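Chemist: Construct the entire structure; sequences and hints are all you get.
Protein chains: 2
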Amino acid sequence: MKMDIQFIDNGSVSSPLGFLAAGVTAGFKRSGAPDMALLASECPCRVAGAFTANLFAAAPVTYDRQILSGEGMVRAVVINSGIANACTGARGLEDSRKSASLVAEALGVKPEEVLVASTGRIGDFLPMDIMAKGVKLGVEVLSSTGGAAAARAIMTTDTRPKSFAVRIDVGGKTVTLGGMTKGAGMICPRLRPAHPKQATMLAFVTTDANISVAALRASLDSSIDCSFNRITIDGDTSTNDTFLVLANGKAGNAEIQPGSPEQRLFAEALSALAGRLAKEMVKDGEGVTRFVEVNVTGAKSDADARICAEAIANSELCKTAWFGADPNWGRILCAAGYSGIAFDPAKVNLDLQHVATVRNGQDAKVATEEELGKLCDAPEVIIDLDLGSGNGKFTEWTCDLTYQYVKINADYHT
Amino acid sequence: MKMDIQFIDNGSVSSPLGFLAAGVTAGFKRSGAPDMALLASECPCRVAGAFTANLFAAAPVTYDRQILSGEGMVRAVVINSGIANACTGARGLEDSRKSASLVAEALGVKPEEVLVASTGRIGDFLPMDIMAKGVKLGVEVLSSTGGAAAARAIMTTDTRPKSFAVRIDVGGKTVTLGGMTKGAGMICPRLRPAHPKQATMLAFVTTDANISVAALRASLDSSIDCSFNRITIDGDTSTNDTFLVLANGKAGNAEIQPGSPEQRLFAEALSALAGRLAKEMVKDGEGVTRFVEVNVTGAKSDADARICAEAIANSELCKTAWFGADPNWGRILCAAGYSGIAFDPAKVNLDLQHVATVRNGQDAKVATEEELGKLCDAPEVIIDLDLGSGNGKFTEWTCDLTYQYVKINADYHT
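Going down the list, the protein sequences come from chains V and E.
Per my numbering, the first sequence starts with residue 1, numbered consecutively.
Per my numbering, the second sequence starts with residue 1, numbered consecutively.
If you are wondering where the hints come from, they were derived from the structure by calculation, not from laboratory data.
Given the structure is predicted, the values throughout are model-derived calculations rather than measurements.
Be a bit skeptical, because a hint or two may be false.
A pair holds if it fits inside one copy or across any two, identical chains being indistinguishable in the list.
Below, simulated SDA-like cross-link-like pairs (lysine to any residue); rule was C-alpha separation at most 25 Å, straight line [stated by the list, open to error]:
#: 1; residue 1: K98; residue 2: V139
#: 2; residue 1: K300; residue 2: G89
#: 3; residue 1: K374; residue 2: R121
#: 4; residue 1: K393; residue 2: A53
#: 5; residue 1: K365; residue 2: D344
#: 6; residue 1: K365; residue 2: R30
#: 7; residue 1: K98; residue 2: K365
Modeler: See the structure below:
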């Protein structure tokens, strides 16, 4: 079996067979920028999803969870940007339901076949007249080349759309997965799979794979920890985080079953696509000038490694140092030290950009501060922290904290 | 018994009887600013302390813990700013020991009667020639009016010294407590008492009270949670956090015993002094323009309320909103929602500056966003969050996140 995973030029959610997409300006944003996306499939889709762990889960999250708790197929997703429809109580949930109904009516499908997602400001109700107008506009322009427009319409403070697609070969059939995502603040997704178990980060993957629901869910579950659940921009886990995967079976492959080599390949492709989307989300995070990969090894457990990597990735002092290309390893060790996990400080080694920086908890004195500073003045910084206390490991993707982040979030108005 | 606690004008660590202090320029800082403080008592002191919870506890912390694990009296404390003596291994510990010996020799006391503290950059060794020079200079200028100079000498990125003193009446005798502290970044102290358990935040309190060691320790323990352990500037818990209380008995009161009314009064005075020092530290935090008090009530437990208050106080999105005087309650609820504690989102109420802002998890629509914004454009902002799910409560003191914070920490060099 060919295990190749190929990224496609200009790939998007409309790359897989049978998927249509649209991006339009409905009017949720005062700026007049595109603010509504529609995804639709020519035939029913199996679906898997994961949603925010935040207790204040927004209305669209609550609505989608209800839909996904059934075993039904879905046909479409409607996404608005500018208003999060969070902290809106019963009326918010009713507005999500109405939004789905509007799309269902326009497409001639059932309301329970439509999923919803929202991103933007918390606390405001969705204006349903604008929603109705947007749905009308969107349905009119749905097309098999609309993926790029859809990726643009879900953006809030993102500076560029994030849209990719990959191809794999499943039993001689070409299977395509397309994805789009948006950030760019309130990004520290800690998704929980909808079955059985929850930024506004929104991410949508379409695929023409023929795959059983169980195999689709298993693939989604395994993709999360090596993609969205390993990123943080600002440590704030949103009320609206949503990751949906829709599979319409149009590729014509034999149905992919859980645990099969084909399912492993599909899961790998999904992880590659989701990982790419997650990484690009961090690179396009609010005010970000530098992408930082924090690899923690040698912890007592993977869970410990994760706690440690997250503490470093969310440390204001580490993040501002990275902005300044300051190779300040003391702040990294400090964050590991207060993360709450147990390890022996005297056994800790740290490499910055693959150069020995700390050995046994002290300055390795291999490179000068100036030399390390020059190495850290790069678009991507790699930090390898070995706690020397076990086999646990985790990788977190994060970014620097800049003037621009402060500006965006102190002057926030759409 | 009079329960009055009086703050004294221009109070300092040299206000209590029998305490001498000094602040000098030894040469640890390249800037030439004062960088060494000495505290000394004319007679032996009982001592209580609390230190950082960080696993990478700095050498002076390890050294002081050893001293405090004995039952001996102490006579002096030497504090340097500019170099933290953290992540410096066996040599760092030896340097702390040598520093204490230098002071002991100069004052004619035993080495084990001298405590040490350091703050500044992590990773560098203490230059012992500079330490020797500083000790010599400091001992020469020790005086009963040296408290202000000492408070200035322990500063790093602080913009002003933080120095206070309070007086109480204990059985007809006037007892004085003097204190000083410094921040101003890497501030999220989570002190653990040295007995029996463990920013650089440094804080020192002197008192002429005659008080048993047990009563002194109990007073320190009860003061922590309503002072240093309820503040955060940037969420980074330092390797060097140290809080020491020295009592020399010069006030001549009958010895204060644990559990007595006098001990409760002393503890209240210590809490008032430590609370004031902690609050001023936040107000003088790196780049701070606004002080924010986060009162969480209605949690299932005090521990839950603390977790929730800390999540809000450390949220980059909340902190940048406060900088912009943005009454963005959605970010506050969002932080509560991802903090990890359990509560019913539909029962949550929030007041900003004592104005009803959220009721039952939704916009209270009592004041307009513009009205709330004007109220939040104040030097101090009060947030009252009632989770409606129990009797647990906690108050956290924090601040906004500003351009200046980013600048200070991206361009950090002493």
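Chemist: Each of the hints needs a verdict: does it hold here or not?
Modeler: Here's how the hints hold up against the structure:
| no. | hint | in the structure |
| --- | --- | --- |
| 1 | K98 x V139 | within (16 Å within a copy, 78 Å between copies) |
| 2 | K300 x G89 | between (42 Å within a copy, 22 Å between copies) |
| 3 | K374 x R121 | between (39 Å within a copy, 20 Å between copies) |
| 4 | K393 x A53 | both (23 Å within a copy, 23 Å between copies) |
| 5 | K365 x D344 | within (21 Å within a copy, 53 Å between copies) |
| 6 | K365 x R30 | between (54 Å within a copy, 21 Å between copies) |
| 7 | K98 x K365 | between (63 Å within a copy, 24 Å between copies) |
In summary, this structure violates none of the numbered hints.
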